[in-house]
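Can you join these two chains into the complex? Each is in its own frame, and there are hints to help.
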Amino acid sequence: MAIDWQAFWLTLQLAITVSAILLVLGLPIAWWIAFSRWRWKFLIEAVVALPIVLPPTVLGFYVLVALGPRSPLGRWWIALTGHTLAFTFSGLVIGSILYSLPFAVQPFAASFASVDHKLIAASATLGASPLRTFFRVVAPLSVAGLITGTALSFAHTMGEFGVVLMVGGNIPGVTRTVSIDIFDRVQASDYVAANQTALLLLAFCFAVLAVVYSVNRKAWIVRPIK
Amino acid sequence: MSAAPTDEPAAIAVSSSASAQNKNAGPLLEVRIRKGIAGQNQEFVLEAEFRATPGFTILFGPSGAGKTTVLDCVAGLAKPDSGRIAIGDRVLFDTKLGIDLPVSKRHVGYVFQSLALFPHLSVERNVQYGVTHLPQSERAARAAAILQAFHISHLAQRYPREISGGESQRAALARTLVTDPAALLLDEPLAALDSPTKSKIIDDLRQWNQEHRIPILYVTHSREEVFALGECVIVFDGGRIVAQGTPHDVIEAPRQETVAQLVGFENIFDAVVESVHPERGTMTCRIAGEGGPVVLETPLVRGGVGSALRVGIRAGDILLATAPPVGLSARNVIPGRIASLEQRDVIVCARVKYRVEMEVHLTLAARDSLQLVPGREVWLVIKTHSCHLMSIGIKKETTSAFPQAGQSSHPLK
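Protein sequence lines correspond, in order, to chains Z and H.
Under this note's numbering, think of the first position of the first sequence as 16, with each following residue one higher.
Under this note's numbering, think of the first position of the second sequence as 140, with each following residue one higher.
Excised from the complex, chain H in its bound form (with noise of 0.2 Å):
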């Protein structure tokens, strides 16, 4: 690159100010913003308060929960009714000091799901489109080096009908990092390709950002992309942040419902607790059933006998026998009838009965070589660790001023 990044001096007075940024030397991206929406059905209210550090934040949630709008207040595309909004000491909005800049002053890099590149310019025009107020020998330079950088050189005089959609990708991240924005903002990019290119295209954003250490605020409703990117991951729903931490505190051990809903437990129960076990770290849950309840044995998590909470299974940990299982690690063997099987793409998906359903999902293969048919016997077998305890409902977040990633409330106190 020959542009070098010029928010060194911001970066200095923030990371002095912010404790222990050290290794991620660069501006901090506050945003603090609440703004009514007009949503399709009903109305509601968009609350985040969360700090970006220089590297990729995930914004992740189910579509309609606000998190495209977070971009646009950021990027100054939507107006908050209130809130702050300020990369490093420099302040985009702020509604008690009067401060809204418009769009073309932020300095907020903005990749959209569309890409929205220019029909009418090749893609070198559309990269040099953000910097026309450089000098001509500079403005070419910049845009070679960015061209590279992201390996479409070759495409330089193509228009943007005339590549395919990774190309497009590479094209419009190009086009925004070329003005060395001082945040990026990116809305699904790549929703659209396949994960190779996917990946390699990651590959490049990120050693781009190793360079130009800036915060990456990335929306995407994709798993995989929030394990290969997330250093931090935001959750969000109906307009509220409800989790925020690493990928695998948030996704693994997901401890709000809302997430694991998201996330993919295809089992969530009611339980009670019956027992707690301190000195084997386990617990005992209850799970009402009909006639009669479903006794599972989960990791312990702080609550007290008779708490009530949630606990989530993927369909893919439990795991399927034809006969009664003997000499296994796993705790939790249940017996169980195949009320019904169905073939989904390449896995089959059974649901079996026993007081509760659960859905568990096999290989086309492990159907066939155990001839499941419905109304077959079968046992259920549950390794304690796969049984997720969640809090019951969405519990607000206590914003106490920037809650920092891991530090959320524990949801069984």
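Here chain Z stands alone, though its shape is the one from the complex (with noise of 0.2 Å):
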């Protein structure tokens, strides 16, 4: 039994799209996390944080019904494009970007709200607007944070399960990911053609959260940013 190929590609190219996306998106979630003074700021902290305890299963079931046509997210969907979001890659990508959320938020907050404030008011006191301030200063000493975030939101799709199980089912090359290639094979007793592809998939993470942790350490050290 060979390895499932198209299985892995299309996780791939789900998990590159994710983190993407929650790298565009994270970023002013994540700066408004970190600074802003809101009293209830913490009841938005713990929804961002939901994911990372709520069982895939509960996150995937309310996906799917909030992306089901019985929901208004769902008819607008189907009135716009002619068919319902739920077992497609799309609903997949909606999934998995809730899922993995906090895994791009935390680090990213995380490494804003450690930004000097200092460095932040000499911004606004020469003239820099909120947003120059952001992309000139805040951003590049937080280079590292960004780094851990996007690596995890990616490393984190990878390897989903349950919500891609829920929100897309088993549709091969369309909704079919690695792990659930996995599951089947064992259902299937298929130990040696699972084992094959488990390996494949822990070697594979492995080596991106490698990479990506060698490049971090440099950038741990404050060095001028060219």
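Any given hint could turn out to be false.
Derived pair list, reagent style EDC-like, types lysine to aspartate or glutamate, alpha-carbon separation capped at 20 Å [what the hints assert, rightly or not]:
no., chain 1, residue 1, chain 2, residue 2
1, Z, K133, H, E327
2, H, K492, H, E436
3, H, K218, H, E186
4, H, K337, H, E306
5, H, K244, H, D211
6, Z, K133, H, D211
7, Z, K133, H, E306
8, H, K522, H, E496
9, H, K492, H, E481
Here are some of the chain Z residues that sit facing chain H, going by a computed Cβ distance under 8 Å [stated by the list, open to error]:
no., residue
10, A139
11, T140
12, G142
13, V152
Simulated restraints, written as ranges between beta carbons of each label pair [stated by the list, open to error]:
no., chain 1, residue 1, chain 2, residue 2, range
14, H, E277, Z, S86, 53 to 59 Å
15, Z, Q21, H, E277, 56 to 62 Å
16, H, I426, Z, H132, 48 to 54 Å
17, H, H360, Z, V68, 49 to 55 Å
18, H, V485, Z, H132, 36 to 42 Å
19, H, G443, Z, H132, 50 to 56 Å
20, H, K244, Z, P187, 55 to 61 Å
21, Z, H132, H, H416, 57 to 63 Å
Just so you know, these hints were derived from the structure itself, not from any lab.
All of these numbers come straight from a predicted model, not from anything done at the bench.
For glycine and all other residues, C-beta sits at the position ideal for the given N, C-alpha and C.
Right, here's the structure in full:
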């Protein structure tokens, strides 16, 4: 039995899409969490952190309901595209974004918050707008956190199972990811193939994280970013 | 400097409305703020009202007195509960008018104690940070000029972690001044530097200020810096202005007890005026002590016989003799006995007891040549004018619209 490369490439595609979107989406959320003084901020922080503790099936279930034809979002999508979001790659991306959100946002927010506030104040007194301060001062000094958050959301999406199964089902080439493939093989008592695929995923995730952390180790040392 | 200051019209507008500012032509910084502050131990209210003319205005006082908060309010980093802040005719903050300009629109330069140089940018890029709206060529020219004015052109390509404390200080000043701010705020910027480095930077800053007449608020708790820079000093304590005037007025002859403690009167006594001698310009004050009073001749100040006041005497101003001195101009000779001797760095701190206890500072050589030991009988010699008289308690400044330097009410009324 050979490795299901289709599932592997699909998973890779999903992880890249999700971590890229989270990099863009996570920045403003993390900025807000790091610098807002709103008294109820902790509630938002708790919501963002929920996917860490929630069973993936619970999250997947609600995402499935939200994407289905009975919800406003689902109906809107059907009116727009003619088909439902559930059991599609797009649906999978939405579910995965929610599932991996804290893995991106928390490292981002932590690194933003650790930037010396005096640098931010200095930037403002020099006439820089908050947006300019973010791109010229906060982001360059948070590179390590940005890399960590993106890497974690990538790796987390690579290995997700429950949300994918609930939202995407098991459609080869559309929603069947590596982890679901492994589950299938075990169900079919094909332990050899399951082992091969599992090893591949293990080695790949390890390699990605090792590369990222080795780059990051250099970024932690304060050095000029050119 | 290739860049000409752009605040001339404002300067004219202000100096025509404010009288006698000709020699300081440039905008006035007006501050009138009130802000509740949650301190570590207790809450207090910061209330400050002053005008800063172009040149240096020193904000002096113990830590936690509210000096830095004043700077933060002017810069817009902190928001007063009420009040008004204006530079010339440009209003930065006014609760009545509902004006609160964001930090980035105030054009107020601020150099923090920590300097806050951007660690990921070279000195040159740091300096150009505030002028990136200008065309590349002008930006480079202005940065080059200011780097030269502060003698750090050779460091342009270095990063903040690669330069010394004094150089960082110069870079931080250059980064702020290149933007041509309408006012400059300095929060103990030289605290960490050695004196020669400090005085060179002060010279360069003064030089710059000669050409760019803007108000500079300079926070410090160093007496030396007050004298080196001060045209006007404002003394803060517990969130209030307790004195203001020239450094000489405020620090050499402090009329408030807080000021006296700040500037180092080791000996402060409660006293009562026993007699006044207007013809000699002196008066006699009685300090209550164990077993009887100590009588001191002091300079004459307003205040009748029987009025209560405080006498401050610096430990370094008291002479010590091992035999009854004769033929002296000093009017106060008090016998006593050395209670203790303690060496602090290069000075010896002697406590001498006679009805009251006085602290006297001596050199090591003086201690050795006089063979001073605890228990030894000595005579204290104090000049009349070494006795500084103060009112009792912190008298709230009666805030007539903007109290000007040297105008504070006489404390001994």
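Does the structure break any of the earlier hints, and which numbers would those be? none
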